[in-house]
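Undergrad: Here is how the chains run, residue by residue.
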Amino acid sequence: MTADGGQAGGAHEHYLRVRGWARRMLDSPGQLERSEAEQAVSRALAPLWDASPDTIAGLRRWAEPFGGASAADYDAPESRIEKAIRRDLKRLFVQVGRDLFVEEPSILGGFGCRTSAGRCNADTLRFFSALVALQDGAVLPAFQQPSRRIVWEIGGGWGGFAYQFKTICPNVTYLITGRPDTFLVSAVYLMTAFPGARCRFFGESSTDALWNEWENVDFVFAPEEALDALRPPRLDLTLDVMTLRQVTPERVEQHVRHAFETGCRYLYSLHQGDWADGEPPALWRAFERLYWLHPVPSRVELRKTGAEYSHLVGWRRRRA
Amino acid sequence: MAAEAGLTRSPRVVFGLAAYNRPDTLARALESLLDQTFGDFAIVIVDDAPSPAVEAIVRTYSAADSRIVYEPNPTRLGMIGNWRHAFQRSRDLFPGADYFAWVSDHDVWHPRWLEVLVPILDDNPRTVLAYPQTVRVYPRERRRMPPPFETAGIPDRRERVRRTALAAAAGNCVYGLFRARALEEAGVFRPVLMPDLEILVRLALIGEFAYAPEMLWYREVAGGFSLPRQRRMLFAGRVPPYAYLPPNVQHFGLLLWDLAVRRHGAGAVSRWTGLKLAVLQLRISTRRELSRMRPMPAAE
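Chains as they are written, first to last, in my numbering: chain A, 1059 to 1378; chain B, 9 to 308.
These aren't lab readings, by the way, just hints derived from the structure by calculation.
Glycine residues also receive a C-beta, built at the ideal position from the N, C-alpha and C atoms.
Keep in mind that the hints are not guaranteed to be accurate.
Just so you have them, the derived chain B footprint on chain A, three or more residues with Cβ under 8 Å [said to hold, decoys possible]:
id: 1; segment: 1190 to 1198
id: 2; segment: 1343 to 1355
Label-pair restraints from in silico Cβ distances [as the list claims (entries may be wrong)]:
id: 3; chain 1: A; residue 1: Lys-1148; chain 2: B; residue 2: Phe-233; range: 34 to 40 Å
id: 4; chain 1: A; residue 1: Glu-1071; chain 2: B; residue 2: Pro-154; range: 51 to 57 Å
id: 5; chain 1: A; residue 1: Leu-1351; chain 2: B; residue 2: Phe-157; range: 44 to 50 Å
id: 6; chain 1: A; residue 1: Ala-1115; chain 2: B; residue 2: Phe-157; range: 51 to 57 Å
id: 7; chain 1: A; residue 1: Lys-1148; chain 2: B; residue 2: Ser-74; range: 51 to 57 Å
id: 8; chain 1: B; residue 1: Phe-233; chain 2: A; residue 2: Ser-1205; range: 41 to 47 Å
id: 9; chain 1: A; residue 1: Asn-1229; chain 2: B; residue 2: Asp-130; range: 19 to 25 Å
id: 10; chain 1: A; residue 1: Lys-1148; chain 2: B; residue 2: Pro-154; range: 45 to 51 Å
id: 11; chain 1: A; residue 1: Asn-1270; chain 2: B; residue 2: Phe-233; range: 39 to 45 Å
id: 12; chain 1: B; residue 1: Pro-155; chain 2: A; residue 2: Ala-1115; range: 32 to 38 Å
id: 13; chain 1: B; residue 1: Ala-71; chain 2: A; residue 2: Ser-1174; range: 37 to 43 Å
So here's chain A without its partners, still in its complex pose:
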């Protein structure tokens, strides 16, 4: 299902489809108030509302506003960050092997340093460590089984984690909710990376029809405003890859409650930064009423490549 290296055929067509849908979603009533961090991302993405085919061919370079890796950091060979990536990657490979590593594809301007396992940048490494944490949290094997599962990523970033997860666990239906403008990057990236993927967009059919024959659907894209209307037939894992840290406590509560009420068994959260005095981050405390918190011990501190990360797997409580 994955695009061949260097081929981005149809990316601009995907973009036109996503842009039309995103505009309609933005014009819908009931838009949420955005945080300052979200507004900053929206401002940075504003040129993408009128993007040429050339711009879309280099879409991967628009991931930086999401807190993603900067392509410029990799322009110089053997830069400091490249050395750090090689070192951290090697340490992770020694501990956990290469099975969960997914290299940065060359499509849409993919970048990174060349390693023995393929192209890799700070995002690739960060998402790899998240997959390792999901493996260590004994969650990932549940998504590598024959029975189809539904995964929900809050926000979705630029689509990089969804790409890695869907590559490692193809037999999932992957739901992303977020701000409509972010799908100009994430949805276009994923539709290009998986050219055979079957995708659905909230609002293109009736709300009930969104989940018809869901086992045959690869990606479902929906604006955050539609959260209450999203009633998937099952929900097995909710992912927060550094998205909820940007939103208000009320919206955090809304997302976690939605996961809980939909019966989602596991919740994963990636946090940037160490714990202060051994106490979990305030964001994770907000999960605690509905999910038992199980921090996953880090395999490797990725501080050389920019930051330390903490991983959490939450198990749904029986009683709220």
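Dock chain B against chain A, hints included.
TA: Using the frame of chain A, we list chain B on its own:
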């Protein structure tokens, strides 16, 4: 609150929960068991320190789940007695169950614990114990335990005993999933110090131990290990005089008595072989204890 009537047939697995005054953690432990993705099990709670708080928690869950049986002990049995009682009541109530696991009122079991371990025992008739990787939970951090040992695929019982006496992390293994009949044959918990290691050596005579390389058990670590602490916890009343001997000597005495003299749980082992196995256990466990006592080299 005996709820066996709530189950229409014998479950495949029984959890024997030996409770002792942990109302602060009991709900979390119970939820982790009730949320197993493999649902064909019962939980038999034997409570060695009954209190209204513990009973209230159990009632909250048993009201909605007929798989829970709760039995407070009229008098304190001590840890060994309570563990034996947990197993015995589980067998009394559900004699048809294939597998048994001791569980505590303060640790946590991953929802996939049974999903992963049951197939290991189902698929390997020679395996008597399956256990996963452990995460040690300290008040302010969690640590992965190093990959433990296993004896899967080792048909020679002498080699299994040797490896078990030398390398078994008994405190982790004993919270694994057991083949119930093998446990019965081995003799459950004996009144000695480090009874978990003793029963593992005995089980090694009967079959193999398999290790699942997934982190499926979260073990609370509180207080360090010490023999005086064990004596206080394990025995309800007076500590028997032999409990002041080194644990491996106590284990040797039991093995010698059972295998070479009484012929209990010896299976096809002759008296002479039983004697040799007991001596092997003593030799290996002594080496293990001596290596533990050896001072660590000073850091440079």
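Undergrad: Taking 41 to 47 Å as the hint, is the beta-carbon distance of B/Phe-233 and A/Ser-1205 inside that range?
TA: holds (43 Å)
Undergrad: Taking the CB of A/Ala-1115 and the CB of B/Phe-157, does the distance hold inside 51 to 57 Å?
TA: holds (54 Å)
Undergrad: Cβ-Cβ distance between B/Pro-155 and A/Ala-1115: within 32 to 38 Å?
TA: Violated - the Cβ-Cβ distance for B/Pro-155 and A/Ala-1115, about 46 Å, lies outside 32 to 38 Å.
Undergrad: Just to be sure I understand the hint, the distance between the Cβ atoms of A/Asn-1229 and B/Asp-130 should be within 19 to 25 Å; is that true here?
TA: holds (24 Å)
Undergrad: Quick check: does the Cβ-Cβ distance between B/Ala-71 and A/Ser-1174 fall within 37 to 43 Å?
TA: Violated - the Cβ-Cβ distance for B/Ala-71 and A/Ser-1174, about 57 Å, lies outside 37 to 43 Å.
Undergrad: Please test the hint of 44 to 50 Å on the beta carbon pair from A/Leu-1351 and B/Phe-157.
TA: The hinted range 44 to 50 Å is violated for A/Leu-1351 and B/Phe-157, with Cβ atoms some 31 Å apart.
Undergrad: Does the Cβ distance between A/Glu-1071 and B/Pro-154 fall inside 51 to 57 Å?
TA: Roughly 52 Å apart at Cβ, these two residues keep to the hinted range, so it holds.
Undergrad: 39 to 45 Å was suggested as the range; check whether the CB atoms of A/Asn-1270 and B/Phe-233 agree with it.
TA: violated (58 Å)
Undergrad: Go ahead and decide if the range 45 to 51 Å is satisfied by the Cβ distance of A/Lys-1148 to B/Pro-154.
TA: At roughly 21 Å between Cβ atoms, B/Pro-154 and A/Lys-1148 fall outside 45 to 51 Å, so the hint is violated.
Undergrad: Do three or more residues of the segment 1190 to 1198 of chain A come closer than 8 Å to chain B, measuring C-beta to C-beta?
TA: holds (count 3)
Undergrad: Can you take a look at whether the segment 1343 to 1355 of chain A is actually covered by chain B? Rule is 3+ residues, C-beta closer than 8 Å.
TA: holds (count 5)
Undergrad: So does A/Lys-1148 sit 34 to 40 Å from B/Phe-233, Cβ to Cβ?
TA: holds (36 Å)
Checked against the numbered hints given earlier, the structure breaks hints 5, 10, 11, 12 and 13 and satisfies all the rest.
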